[in-house]
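As they're listed, the protein sequences go chains A and B.
Reminder that position 29 of the first sequence reads as 29 in our numbering, one-by-one numbering, no gaps.
Reminder that position 210 of the second sequence reads as 1210 in our numbering, one-by-one numbering, no gaps.
Incorrect hints may appear among the rest.
In silico contact screen, one side only, chain A against chain B (beta carbon under 7 Å); selected entries [claimed, not checked]: (1) 69; (2) 73; (3) 280; (4) 336; (5) 430; (6) 431; (7) 432; (8) 434; (9) 442; (10) 443; (11) 446.
No lab work stands behind these hints: they were computed from the structure.
Since the structure is predicted, the reported quantities are computational estimates derived from the model, not experimental observations.
Glycine included, every Cβ here is placed at the ideal spot set by N, Cα and C.
Letter by letter, the chains look like this.
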Amino acid sequence: MGTTTRSSRVAVLPLQLAALALGGLLVLPGAAVSQAQTEEEVTFARDVAPILQEKCETCHREGSIGPMPLTTYDEVRPWAPLIKEKVVSLVMPPWPIDRTIGVQRFKNDRSLSDEQIQTISDWADAGAPLGDVAELPAPLEWPEWSDVWRFEEELGRPPDLVVSSPAYMVAANSADDWPWLESQIEGIDEQRWIKAAEFRPGTADTWNVFHHANPGIVKLDGTSDGSLRQTRGNEGTIYADDSGTPLDPGDIVRWNMHMYAIDRDVDAVLQLGFWLYPKDEPPTYRADGADGFSCSQYTGHGFASDPLPWRFGPELRGGPRGLSTNPQVVRQGDLLLPPNSWATYRGVYVMDRAARLEIARAHLHLRGRYQILEAVYPDGRWEVINKFHFDHDWQTGFLYEDDAMPLFPKGTVLIVTGVFDNTADNPHNPDPDQWVVRGDRTVDSMCHFRMGLTYFETEEEFQAAVDEREALLRRERPVSDDGGGDE
Amino acid sequence: MLRVPHVLVLTGTLVLAATAACPSAALGQLVPRPPITQQDWQLRTVRESGQPVIPIFEGWYPEENGTYSLCFGFFSLNRSEALHIPVGPDNFIEPARFDGSQPTHFSPLGADGMTREYCVFTVNVPSDIADERVWWNLQVDGHTYRVPGHITARPWRVDNLVNSVAAASMGSEAEAPVAGSLVAPVVTLEGASGRVVRGKSGATAGELTVRAGSGLPITISVALPEEDELGDDLDPDEEGVLVRQLVKWTKFRGPEGVVRFSRDTIEFELGPEPVEQTVMATFREPGNYTLLAQVLSGSFSSQCCWTNAYVNVRVEQ
């Protein structure tokens, strides 16, 4: 297996050059280096332990969500073959996106580099040797679960404000549950702007019963900002440095959770941590965190006669409830997934205003395999933005780096394609003999795509963003990997 | 029936091809797929007519006597054409001892946005059914569409009398659902037998008789359940609260040919007092019919709560 991986690495090289010529789609700077390194024996103490500390321990330690701790050699050794398998197949760390196409720079990237994958694979193949204990890195001191915020590293400080949901008991073996819970947001005495919001289970056990929550901030006037929509495996939202959403005194969090039972009672608590812009320094743009569209619109069922186009945009934002930022609630096309087969659904939306894509998240339920987001620009260029692998357990919100956020001029056609696997090959499929239809339950299906978009107020603003991006690309062309594709 | 083949372009291959060209795509989730057949394309589309109807397994729930009920509905891909499939080789349930309770009339897709028909009948299975599967088979234009019902998968457990999911959120103040909207209403079938029924397992009344071509008034009475029939979580003493109800009438079984209802759906508000609702049904062909009234107080898509009331009608020449 180790050889297989190595030889494919070599095979990538010519393509890499091609990709560079095409605008730098794929860059693996570590590749050449790691070839040389493999001459020496890879050891746990020197090579592997630092990787596990950096990329695995946050989940694989006592009291966190991973099924086993991976903090010492004794803990790791018996798992070496399985670790290799999960790491080489890109199942662990969970980062469900195709790394061979589309934008690859994200704020919350938890994946391993190709070099790290190679190291772990070589180490497992060599019999998982310990090596010289003197080279072991000092063990990491992990704070209590309740004190760990994943965005702390990116943002440089713990959240400014934490809101917890009331505890909610999910009884053993009960039916899927959508409890209705709200929490007052305390500690705000004037309007503030949210820079980032991290969402997490308040206890590690909550993770076991948590399908998703769509927490929304409900304003005093009853309007709701759904931009914080989250799912199991997702972490939250970090807006670009010039955008955010407002938080006002009196706002409440409505949790909108979907829980499912396991074989024992679990007291579930969810938490939101907010990072705020400094007082008196609001961002330039107001982010629209929760636009989305369905992949089952015209190709799907029950939609063709719908007089309302499936759309989002300025007229709908802030409009009456049900027609607001969240067009997928207005009307959802139906789906039909035949038993023991694959199915593909597709939706199209034309941007009626220039915007920047900050966050993207696929949503497909158990039979979903992947969703592809493509853009056809007004000048005819076509580009795959990303191919999102769908894993029901890891419905990750992908947070683009500020200088890699896709920029969509007015008139861009966005295409989202959802691919479903209703066969027995899909490990999440509870029964491949069923005809699956659209529905809210975990066993029903959905196909929609969530986008955190910031709209530009004027053409000039958009042009400025494009100019800035182009200047950056000219400077960094050889190592930049946003955009690319088919110029 | 003559079917005109539909030509579609395989967009999407471009994307997949571009990705597959890269060797490390093997690390991703590109999985070889079986060829797409003409029938696959057919299943993508709702058309005016000429399309199949798909049997759907909605879920299961336990009955008080220890047995279980399996719920089936269907999804017609026709916007305006109803299908008639008599019980027999084109419409049967396996194992054969469970055959017989399925519909023969398949209404087109509702224009009302409710898209398909939810749990129009149930199959009662014994407590020792274990992992045995009950298949509903439909054959349309030479293709078989079949779906298994079973009690083995917990995620398919559905509510019958009380929407436990919504009931769980009753404690919270804002926009909490109203107690009566979470429970299947009590329906009294007037006429021949005057039966009282609650829940999806339903009951059949009749037989009423009428002449072909003349109108038959059918009255049902709808009430909220008694206090002691409500779940623990529900607070029944919300005097004067009105709960929105929907009665949906369809032909369930009978000879080919139209049954016309004066109103296919009736919406009304229900308070503490029972409310009577009457429709006029007109039959073109003589024969034995079964009509279905689904009386809904929750929502079909959340699978709770409604009552299935069947009425047998004998239509004479």
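Against the structure, the hints come out as follows:
no., hint, verdict
1, 69, "violated, 27 Å"
2, 73, "violated, 27 Å"
3, 280, "violated, 32 Å"
4, 336, "holds, 6 Å"
5, 430, "holds, 5 Å"
6, 431, "holds, 6 Å"
7, 432, "violated, 10 Å"
8, 434, "holds, 6 Å"
9, 442, "holds, 6 Å"
10, 443, "holds, 4 Å"
11, 446, "violated, 12 Å"
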